[in-house]
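Can you join these two chains into the complex? Each is in its own frame, and there are hints to help.
Chains as they are written, first to last, in my numbering: chain A, 1 to 256; chain B, 1 to 315.
Honestly, the hints are just simulated from the structure, not real lab data.
A quick note: this is a predicted structure, and the numbers were derived from the prediction, not measured.
Treat the hints with care, since some could be wrong.
What the hints assert, rightly or not - One side of the interface only, derived from the structure: several residues of chain B facing chain A at Cβ under 8 Å: (1) F50; (2) K73; (3) P80; (4) S82; (5) E88; (6) G103; (7) R128.
To be verified - Each pair of labels, with its calculated beta carbon distance range: (8) B:R126 / A:V23: 27 to 33 Å; (9) B:F253 / A:R248: 32 to 38 Å; (10) A:I31 / B:S55: 22 to 28 Å.
Unchecked claim - Below are the DSS-like pairs computed for lysine-lysine, each with C-alpha atoms no more than 27 Å apart in a straight line: (11) A:K256 / A:K95; (12) A:K256 / A:K94; (13) B:K74 / A:K94; (14) B:K244 / B:K227; (15) B:K74 / A:K95; (16) A:K97 / B:K100; (17) B:K244 / B:K166; (18) A:K95 / B:K244; (19) B:K74 / A:K97; (20) B:K244 / B:K233; (21) B:K100 / A:K94; (22) B:K100 / B:K74; (23) B:K74 / B:K227; (24) B:K166 / B:K176; (25) A:K97 / A:K224; (26) B:K74 / B:K107; (27) B:K26 / B:K244; (28) B:K74 / A:K256.
All C-beta atoms in this analysis are idealised placements derived from N, C-alpha and C, irrespective of residue type, glycine included.
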Amino acid sequence: MRSAFAIMEKELRVYFTSPIAYVVTAVFVLITGYLFYSIVLFASSQSLQMMRVQGALPQINLNDLIFRPTFHNMAVILMLTLPLLTMRLLAEEKKIKTIELLLTSPVSLIAIIMGKYLAAMAVFTIMLLFTAYMPLLMGTYGSIQWMPILTGYFGVWLLGGVFIAVGLFASALTENQIIASFVGFGIVLILWLIGWIAQGMSDSPLGPMLAYLSIGEHTENFIKGLTDTQDLVYQASLIVVGLFLTHRVLESQRWK
Amino acid sequence: MIQVQNLTKRYGDHTAIEDVTFNVEKGEVLAFLGPNGAGKTTTMRILTGFMPATSGTATIAGHDIFDEPYEVKKRIGYLPESPPLYTEMTVTEYLRFIAKIKGIERKQRAQALTRALERCVLTEVRGRLIGNLSRGYRQRVGLAQALIHDPEVLILDEPTTGLDPKQIIEMRQVIKELAGRHTVILSTHILPEATAVCQRVIIIHEGRIVAVDTPDQLSAQLRQSEKIHLTLKTPQPETADVLKAVPGVLSVFHEPSSDGQVFIVECELGRDLRTELASQAVHHRWGLLELRAVTLSLEDVFLKLTQEEAPEITA
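Just chain B, with the same shape it has in the complex (with noise of 0.2 Å):
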């Protein structure tokens, strides 16, 4: 449905995204995790047309984005970063001002906008200024504007942002059963997120594709050991060695924090080494302060991928 191929944007010396290249199939949620400023935006505006690329292509659905923009802008539905309202307008002014611009014929436009209020939840509001409607309600006018066409592809960019637990909970609903009917991508820098909502996570960093899998293939990637995590108040130089020393024990990490130093201590899969570790901590009067198992989760993938390339900050 969509081929994106080395993709480049810059801006004078500064490079947004670099040799971008990624394939999303007809039906499938797609999620580009990343932390603010990676790239994300600046890749969806790219492919919905609204600024051009440096080099590299893109096709959606068959058109390319840059030979045959009206194509492919039929055919996609964008929600940026900030939805993009009239607030003097009605919920149902604003929709029917976006299904003519969205080219929809005139006899079908009451029923687009009939179904687009619907699927959003928005009948209730929809002789209210938007202008008056709460943040979530706004973010969901938002949605049902990329919608109303029944696009093959929907572009949504970071659509939970600002939203409270509850909202984000009914906007991931709506945004899972969207899946199948549409193709979707999404960003966010929230990795539940990522993991509730996407069958496929592409985690960008600085521009640059790190990983692209589905969430629990990345979990299961970094699943290869245990961690766990030691805090110790007075460790010896010796300390590291010592632990290396556990049975079990394949690699500690050290790294000094605020209150302390750090030790990661990596583990066969399987074993539980805490008892051992905590005994030799104790033993040896290095003013044990924290001990606890690391937890692998896509949050771990993701600070692994995206501080691999981090300068290392030391204190």
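In isolation and in its complexed conformation, chain A is listed as follows (with noise of 0.2 Å):
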């Protein structure tokens, strides 16, 4: 355990003595940032629309109206954003050969792969928190539910839990950060369009099957302020699956 967190103050020290923590968590921020505007001006001319016709002030839902679409927004982003942050991870030790360094030390590969894990998600987390002016703002002007936004909050972050899973197994693959953050944004997306095409399939016994598999179904309650173990479950479990064949993966590699 002490040597998980000794790899993971090392990673942190890595993504912010070099720009890639910056760039990433800039980029998000600045794009959520402006889609949020965005919505938020769409929102507020609606509102206007319905005083005009109902000459009364409208009860409109902020929740509904400004954070579900902010949180599928901030999804995708992160699907674009997140195999940048863990691409080099394990490709990078491959490709200077630290992994030697790594597998003669007295350190197992799980607290290699959960130091790993965690300082990418401790990066996430930062970044996701950048976001908070959004709620803050929303709730000191307007009036919203608290609690729906913070299950919304913990559904994309779980979500980017499994991107970064997902992301640290595609670098554990190749010595190449390119080819790693595409593997993992690849895989993703996969994972994202099983939904797509379970839409398209809703007549036959396949289709629910399919959308069972996809990672937006289980986002969607999260968003919504929906808290089902059932998408829990899900997620978690994918989390479970990438690391363990990141282990699985790293291992294979020493009897090469």
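Written as structure tokens, this is what we have:
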């Protein structure tokens, strides 16, 4: 456990001494911020219109009108940015041969993987915290329900956890960072697209099955503000599978 | 300290090392000598637990490397061929990280760090980024990494490659100082290095051990005769027989070369037959191009042992 923290600390140091954490965070905050701004603009014009039609202050739900699309946007942007955060985690160690150092130190493979995973999660959590101005702003100037927003954040956080586990796995496969990021992105995209395929097959028995496998399906409830054990189990098992496969890949590479 | 028994490693059809068996005593400095691709790195990687062997066993400080990898890894310091450095860290940051993953207790870390910096003469550059250091310093940081936790066994894979002559001498000095206190295995393909720093040499070729002995003993083995190298431009078919007839000559090896014919004449120990051979060559008009005594060194042992199995090259 102590060695996992040592690895995590080292990864965090690398994240923040190189530009990568700053760049990824900046791009994420910038794009989500812009999209949030345009959503708020759209919502306010809509409420003005409703006011004109109804002649009274309309009852609009800010959670539904603003935060649901915002969480969706975050999910898509995370799909594009988190692979950039995870790509170097193992690929770089293999490329510069420091993996030899880690594997000949009295550190277990699990500690190495957990250290790296937790470091990426920490950076991602900081990224997400930067968007906290959105509910704070809305809460100050409007009335919002806090629980659904917290649940939504939790859902996006879990989703990011899956993306990072998948990205770490992709990083274990190769020593080329670009390939690692692209493979990570590809896997996540496929998990997402399964949902679309499922929609097109809604009349066949395969439809619901594919829908259950889709990652979007299991994020939707959280974004709506619902916590379902089924979604929790799905996301958690994807994380575990991702980390487990990472372990297997690293272990098998030792035998080659 | 180290017992290795019948270690074999195969990659598919390719056998990297076969039936490697040797022992190393506590405090000894042992060199693995062999051409590139002989299996030195593979053997070291197995000993350090980086990769498993196909068959065979090895124990380090009484712990089996396959059954108790953690116990073994705690007791080993390993410097791979290319030092495993994080170039974006400073020397101190890097060594502090190493101290943590090697399991050094918090209280002893600062002391271990200072000691490693001193032993590898790094104190001056402790605050600099590793990426900005010269090759020689990087190699020393690699060595500091290997010995920060004061391991009983040090495994150094070609510790002097890529260094300039001055740095090589410094590196050898550091390694010599490690002897006695640590058991050291190092690999090299530079022969004088093995002679300079090691008590015992293992010559490894094509994955097999071909000789184990002290450098002096290995040279002595071949010192059963003197050799004279003779290059002739126009030798006659009977040249070899004429040479053999010279008193004191034991045998004559003959091989063609690019600028004539090379004859290696083996003579009795303690006899210098150069003048006799020269007059023979002049007398028979063989076109003497070169004549010199072959000095025996570890190099000859090495070449002899590693070329025996190699296919004959005929021009």
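Hints, verified against the model:
1. F50: holds (5 Å)
2. K73: With a minimum Cβ separation of about 4 Å from chain A (threshold 8 Å), the hint on K73 (chain B) holds.
3. P80: holds (5 Å)
4. S82: holds (5 Å)
5. E88: For E88 (chain B), the interface hint holds, since the closest Cβ of chain A sits about 6 Å away, which is under 8 Å.
6. G103: holds (5 Å)
7. R128: Violated, because the Cβ-Cβ distance from R128 (chain B) to chain A comes to roughly 14 Å (cut-off 8 Å).
8. B:R126 / A:V23: 27 to 33 Å: holds (30 Å)
9. B:F253 / A:R248: 32 to 38 Å: For R248 (chain A) against F253 (chain B), whose Cβ atoms are near 56 Å apart, the range 32 to 38 Å is violated.
10. A:I31 / B:S55: 22 to 28 Å: violated (56 Å)
11. A:K256 / A:K95: Cα-Cα ~16 Å, so holds.
12. A:K256 / A:K94: holds (14 Å)
13. B:K74 / A:K94: holds (22 Å)
14. B:K244 / B:K227: Status holds; Cα separation ~13 Å.
15. B:K74 / A:K95: holds (25 Å)
16. A:K97 / B:K100: holds (19 Å)
17. B:K244 / B:K166: violated (46 Å)
18. A:K95 / B:K244: Outside the cut-off at roughly 58 Å; violated.
19. B:K74 / A:K97: The hint holds at about 20 Å.
20. B:K244 / B:K233: Holds, because 18 Å separates the two Cα atoms, which is no more than 27 Å.
21. B:K100 / A:K94: holds (21 Å)
22. B:K100 / B:K74: holds (12 Å)
23. B:K74 / B:K227: violated (49 Å)
24. B:K166 / B:K176: holds (15 Å)
25. A:K97 / A:K224: violated (46 Å)
26. B:K74 / B:K107: holds (18 Å)
27. B:K26 / B:K244: At roughly 49 Å apart (the allowed maximum being 27 Å), K244 (chain B) and K26 (chain B) break the hint.
28. B:K74 / A:K256: holds (24 Å)
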